Amino acid sequence: MIYKTIRQLSDAIQSGETTPTELTQISLERLREYGPVLNCVVTITEERAKKQAKQAEKEIKAGENRGPLHGIPWGAKDLLATSGGIPTTWGAYTLREQRFDHDATVVKKLEEAGSVLVAKLAMIELAGGMGYKQPNASFTGPCATPWNLKHWSGGSSSGSGSAVSAGIVPFAIGSETWGSILSPSNNCGVAGLRPTYGRVSRHGAMALSWTLDKLGPLCLCADDCGLVLEAIAGPDPADPSTCGEKWNYQPEERDFKVAVIKDILEGKQEAVAENFKSATKVLEQYCTVDEIEFPQFPYEAVTRAILSGEAAAAFDDFTEKGLAAELTAPEDRYGPYARSLVLAKDYLRALRLREKMCKIAEDMMEGYDAIIAPTSGTTAHPIDQPFPVRRPWAYGDIMGAVGNGAGLPSIGVISGFSEEGLPTGIQFMGRPYDENIILGVAKMYQKRTSWHLRHPEMFQA
Amino acid sequence: MTDSKTEKEYMFERVKTLYGDRLDDEQLAAIEASLDPIMSVLEALRSTPLENSDEPFNVFKPYRKDRQ
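Chain order of the listed sequences is A and B.
Residue 1 is where the first sequence starts when you use the numbering used here, and the numbers rise one by one after that.
Residue 1001 is where the second sequence starts when you use the numbering used here, and the numbers rise one by one after that.
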């Protein structure tokens, strides 16, 4: 029952081949065995898990079917509020005893879908909002990719990517403000879906940047991401930014038209570029692939200024109380001070430029189903090394800047491996609310490739 | 203020005034260095033209409990 997709597990439950209790027991055992090896777990929610599994089992035996997630174990990035005395640490030592009296909307929705919460998973402290510059930026230690324990899982949804890749949980929820779902998707070789901004309620999730934060699933394959998104998407009165419509997973299956940004492979690691070219050849079996060129515009400055301004405000009390001094990464202890001085007029200027950026993105994507690009420019970074020094604010990540700044959905899936055996990824970024299109493109890609069927040897029981 | 160097110095002075008592010399030096990328972001934003009619891309919605 390890490394089975959600559909396979659901079928196995419905046919009586396994039970929610058995699946939960497997996850709990693997959390205990492999959690400390990978540093991917903060809290095992055993009591709640056993109760939910028992309930699911009872319902299924009585003929009640809540859908494909019924009885399936999952893990939550530890920024989602959970009731019942379970800590929600936001990855920070300072907040290791923080508890909430309510569940985040996503946690509630997954409970309504009958799934079983088995763990709160590791994350970069405060979702990277303090400007970390190394993998060791969480009080639970640097999280490893199951493909090589000397390399980083990516972040900030570190444990969510690592635990899925290690077959500890069939799926996990992560969050992305800029790169935090796609980075672990890339480094751990799993599918990661960043939904359209507002598709999923943020209520009960730690706020890093109110107008950039998105919650989404990390799973073994694109199809599973669609199943999970259907369960967590939809309007929520507690989050006014949610879009008003319920979303149903109906992946499109047809010929598609995709675009590649000119020079997108410039500066990318060789294995990343080569695997992307191979993936493009696969896509050409069912896609028209064109090259496009974005006009000059300060995309990265706009999204970074919004992120900096909102993060400074979101953590103002935390910063003013001097709580950053107890964070794990030394640079996170002073990171928030300088950017808290950015002027209101500059933040608002970024918001005014944001509309132009959104319109450019919409114009560029007109006539295309998706823009494709490597999920990340490199494979997983060494776990004990600081990140390379990069040119000020110019991260060369136009996909991340435009995608997050304009609130566009994107899904990352595995595209192959480097010579060292580390995964590389390809992402499919769509127009707002076009999750069924990008899921369709990604699903058809995975029908034609088998990278997602490979799993790290050490974790194959 | 037109000279970004002057603004950078002003920002650093303000960090020292507000938070200097909780930061050591090494951290202050790192903060001073971190002002360069912040200034680059600000320069990129400020050099991109906007019309008076270009509004912030946040739509304020008056709140009423029974209307979402």
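Treat the hints with care, since some could be wrong.
Below, in silico cross-link-like pairs of lysine to aspartate or glutamate (DMTMM-like), each with a Cα-Cα straight-line distance of 25 Å or less [as the list claims (entries may be wrong)]: (1) A:Lys133 to B:Glu1026; (2) A:Lys281 to A:Glu320; (3) A:Lys345 to B:Glu1043; (4) B:Lys1008 to A:Glu320; (5) A:Lys262 to A:Glu245; (6) A:Lys321 to B:Glu1043; (7) A:Lys359 to A:Glu270.
Calculated directly from the structure, the hints in this document are not laboratory data.
Every value quoted in this text rests on a predicted model; they were computed, and no experiment measured them.
- What hint numbers does the structure not satisfy? Checked against the structure, the hints that fail are numbers 2, 5, 6 and 7, while the rest are satisfied.
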